[in-house]
Amino acid sequence: MHTWRVLLTAVAMLAAAQLPALDTTQLADPALQARYVALTHELRCMQCQNESIADSPVDLAADLRNQVRGQLLAGKSDQQIREWMAARYGDFILFRPRFSARTAWLWLAPGVLLIFGAVVAVRILRQRAALLASDPDSVDEDLRA
Amino acid sequence: MNRFYVPLGIFALLAVVLAVGIRHSPDKGIIVSPLLNKAAPQFALPELADASRVVDSAALRGRWYLLNVWGTWCVECRAEHEMLLRIHAAGRVPLIGLDWKDDDARAQAWLTQLGNPYEQVAVDRDGAVAIDWGVYGAPESFLVNPQGIIVYKHVGVLDEATWKAEILPRLTPPGPT
Amino acid sequence: MLPELGHFALILALLLAGLQAFFGIAGAPLGRDRWTAAVTPALGGQAVMVATAVGCLISCFVGNDFSVRYVADNSNSALPLFYRVSALWGAHEGSLLLWILLLALWSVAVWFGARRLPPRFAGRVLGVLGLVSFGFLLFTLATSNPFLRLDPPAPDGRDLNPILQDPGLAIHPPILYTGYVGFAVAFAFACAAMLEGRLDQTWARWTRPWTTAAWAFLTCGIALGSFWAYYELGWGGFWFWDPVENASFMPWLVGTALVHSLAATDKRGLFKSWTLLLAILAFSMSMLGTFLVRSGVLVSVHSFAADPSRGVFILAFLVLMIGGALSLYAWRAPLLKSTAGFELGARESFLLFNNVLLVIAATTVFAGTLAPLISDSLGLGTVSVGPPYFNPTFMLSMLPLAALLCVGIHANWKRGRLGDASRTILYTLVAAAVLGCGITFGIYTHGHVLTPVAATIGIWIILSSLVEPWYRLRRHLSLPRSLIGMTIAHSGLGIAVLALTTVQSFTIERDVALAVGQSAEVGGYTLRFTGIKPVEGPNFEGVGGTFVISRGGRPVAVMTPQKRQFWVQHQVTSETAIRLDRGNNLLLALGEDLGAGRWSVRVQVRPLVSLVWLAALIMAIGAAIAASDRRYRTLRSTASAAAAVAERAT
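Residue numbers (my numbering), protein chains in the order written: chain A, 132 to 276; chain B, 13 to 189; chain C, -9 to 640.
Don't read these hints as lab results, they were simulated from the structure.
Mixed in with the good hints, there may be bad ones.
[Stated by the list, open to error] Okay, derived cross-link-like pairs now, SDA-like style, lysine to any residue, Cα gap no bigger than 25 Å in a straight line:
#1 B:Lys50 - A:Arg233
#2 B:Lys50 - B:Pro185
#3 B:Lys50 - C:Leu370
#4 C:Lys327 - A:Arg257
#5 A:Lys207 - B:Thr174
#6 B:Lys113 - A:Phe223
#7 B:Lys113 - A:Gly248
#8 C:Lys257 - A:Ala252
#9 B:Lys113 - B:Lys176
#10 C:Lys523 - C:Val546
#11 C:Lys327 - A:Phe247
#12 B:Lys113 - A:Gln198
#13 A:Lys207 - B:Phe55
#14 C:Lys257 - A:Gln258
#15 B:Lys50 - A:Phe230
#16 C:Lys327 - A:Leu256
#17 B:Lys176 - B:Asp68
#18 C:Lys257 - A:Gln180
#19 B:Lys113 - C:Thr550
#20 A:Lys207 - B:Pro46
#21 A:Lys207 - B:Ala51
#22 C:Lys327 - A:Lys207
#23 A:Lys207 - B:Pro185
#24 C:Lys523 - C:Thr550
#25 C:Lys257 - A:Leu256
#26 B:Lys50 - A:Gly248
#27 C:Lys257 - A:Leu262
#28 B:Lys50 - A:Glu214
#29 B:Lys50 - B:Thr174
#30 C:Lys257 - A:Ser265
#31 B:Lys113 - B:Ala102
#32 C:Lys257 - A:Ala264
#33 B:Lys50 - C:Val546
#34 B:Lys113 - A:Ser265
[What the hints assert, rightly or not] Partner residues aside, some chain B positions facing chain C, computed with beta carbon under 8 Å:
#35 Ala27
#36 Val29
#37 Ala31
#38 His36
#39 Leu47
#40 Leu48
Where a beta carbon is used, it is the ideal one built from N, C-alpha and C, also for glycine.
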């Protein structure tokens, strides 16, 4: 009797599950499957907002995964699928921010910073090399470690 | 001399951004719908009371309606139900229910037992229409104007304050002065 | 009675921290040595009061006192004793108390170490620490008092969040916070130097061990969090670029830059104002992290309950603390010029590259983390940023850094003399490339285009780091602890790069549906599902599945992933089963009952993932060894004595 109670509780737990989303259907075409995996990891679950729809266990995530699968099979491109999702849920559903006038600063930042960093580094290196040329300690043996 | 003030300057900007962020933070978690002021997505779904009849969004053109997404599995919808009955009684705008991923028998029992505030209830068993409307949690309500444009979306339980502040004013635009 | 005692102790601690701050900071410039001396009893008293408060709260937890709201919200009479204690830092108020406790402990440690510092300087350092303590205590008492009572008392508690009922939880926050708070010491040293108007190589030598130690703790704390997420949360991920994860990663990146910048300042008096700025920045990042987690401005699974009023308070604290420090910086930094020079190929150059790239990485993570907030505040709409942004942008600055390490490690100070090392550099590179490509194409047959590159770099780091110790050992030269520590830490980094590369490139993940008796093949492993049975625990019940794993006929393991439901909070957690098999990490997570006796199971085969956390541990050990070098422990070095004399003369 007790065993049954526990097993029944176990089954009842499924309603409140907080577990990894499991998705036991795989697409036959490995290229399509790879795109599916990549896309579902790029889309945010709108209920558990810190998980991708690949990882989220809620129904909405499963529905959205089905959408992705269906659209891939219908031949849509990755970009089309992303835009389809964003048209309904807004940019918030995308983990990869779209490159637009509003997000340009974010995507360009690393490159700009690298260039800026390089310029600064070169300036400092030149300055210090020049100082060494007039360094009164230049007869010192060099330090190591 | 000047460049040593740069860190302080950057920090000051950051502090302003963070301060504004705090002011906005009660809104976090509520996503602004991209469908606002756009055409309401079309749908044609079976009716809950009579599966042979169809609830068609095209047929709803020409008048205001409030689309309410709900389900018997949704705890907060139960809390919202009283408000919906009041809205129905007020008769200002018809309520069209979208029964999201639910069981027909349970939904009918719910409405029989608690009262039916809806003019029609569309059954969205697989959730496709809900996704089209950008629904991500129940309850949600959409106010659609006679031209078929979504003018307001409310996420969460619809309460008296929202009804008065957001929905009523849109139904009755201020008269000419 | 205990809660009131604890509350009273916190109030006393606040007052004493205030006195500690006042006497320490005001005593020095006014020349009042009695005030400076008063810092000691103030600090001692503050520490005792904080310990008392913590002790009271722990007693309330252990004694199941549900008249205290914090205990009622986070504990339960059925909660095992171990978790009743660790529940202390399970939510906002208690974790703040943990911060305050650790700050007091660090302050006491600094006091012990301060005996060889000039007294007024030491007073300033402890005074600044007192100021930080004061701020946190005020925040706690004003907005987050853990001793609030419930009237009438709750009949029982709401239980600790089941996800947090895990040994990993018990140690992750204390160790992580020890790291966060440890950077306050570097911050205090920096402020003391700015207040005094002097910063020299001696200052760097004093600051280095504290900073390195804090860095070691932070490394462990982050690794623990990542490891815990891996085995607790059930989907095999260990880093998600979640805002709160980033909040701990940014101080780590800045802290790494600081550790290296301090080396240049110590050795050659270079980069003084830059080091100062980094010291301020590292702690600022810690404080910013505190703000982000507790104010509700960002969406995250880790966030504590959002409360804008708390956000306002922390922001005010941030503005005063950091704004004050940066103002001091703007005032004093222009005076800190050095005339030392170095060649292009010198060690100093590589430390410069190190700093530039690390700060760029930190800024990038910062931009991505705060982008939603910035975009929203500026009215640019919502933007959402996740791994697809962070991963490539992070690698953009980090891979070059890793490669430069392998060259720079052979460079001498001042005049690099890299020409002498050119053959070593070439040989190590070739050996690394052979091994890297061998692993990529030999053991695993596929990979991303970057995979052999990154694998090569990881191995190159390890080989490059071992060159000098090897050289010294062969010539029977001494191996100072700082060199040993550095070698170990850098090797750890190399291992981490290699492990991350293999995990990212070669992980196999599949969800399968099995009925009892059926088998599946994943990544070369055969899984046979042999049964499912109920399980019970002290405050939960659930089901466990049994899987027999084999590989090519060789039996590997029997694994039992479980699903547990906790009685009180009705939350379901997944206990993943994880096994290590010859470098592969096998992860099994039980899914749903699909009916007809079939269950869904997530199977992951992750090569070398355990090495990631092992590598972090190795880095921390290296840092600890380096921090314990004799140079930092000499009680009376001439430089310190000279500084003490100089101080008394002013």
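These are the hints, each one checked on the structure:
no.	hint	in the structure
1	B:Lys50 - A:Arg233	holds (21 Å)
2	B:Lys50 - B:Pro185	holds (19 Å)
3	B:Lys50 - C:Leu370	holds (20 Å)
4	C:Lys327 - A:Arg257	holds (16 Å)
5	A:Lys207 - B:Thr174	violated (40 Å)
6	B:Lys113 - A:Phe223	holds (24 Å)
7	B:Lys113 - A:Gly248	violated (54 Å)
8	C:Lys257 - A:Ala252	holds (20 Å)
9	B:Lys113 - B:Lys176	violated (30 Å)
10	C:Lys523 - C:Val546	holds (22 Å)
11	C:Lys327 - A:Phe247	holds (22 Å)
12	B:Lys113 - A:Gln198	holds (15 Å)
13	A:Lys207 - B:Phe55	holds (22 Å)
14	C:Lys257 - A:Gln258	holds (19 Å)
15	B:Lys50 - A:Phe230	holds (23 Å)
16	C:Lys327 - A:Leu256	holds (15 Å)
17	B:Lys176 - B:Asp68	violated (28 Å)
18	C:Lys257 - A:Gln180	violated (48 Å)
19	B:Lys113 - C:Thr550	violated (33 Å)
20	A:Lys207 - B:Pro46	holds (22 Å)
21	A:Lys207 - B:Ala51	holds (24 Å)
22	C:Lys327 - A:Lys207	violated (61 Å)
23	A:Lys207 - B:Pro185	violated (43 Å)
24	C:Lys523 - C:Thr550	holds (10 Å)
25	C:Lys257 - A:Leu256	holds (17 Å)
26	B:Lys50 - A:Gly248	violated (45 Å)
27	C:Lys257 - A:Leu262	holds (17 Å)
28	B:Lys50 - A:Glu214	holds (16 Å)
29	B:Lys50 - B:Thr174	holds (21 Å)
30	C:Lys257 - A:Ser265	holds (19 Å)
31	B:Lys113 - B:Ala102	violated (28 Å)
32	C:Lys257 - A:Ala264	holds (19 Å)
33	B:Lys50 - C:Val546	violated (58 Å)
34	B:Lys113 - A:Ser265	violated (79 Å)
35	Ala27	holds (5 Å)
36	Val29	holds (5 Å)
37	Ala31	holds (6 Å)
38	His36	holds (6 Å)
39	Leu47	violated (14 Å)
40	Leu48	violated (12 Å)
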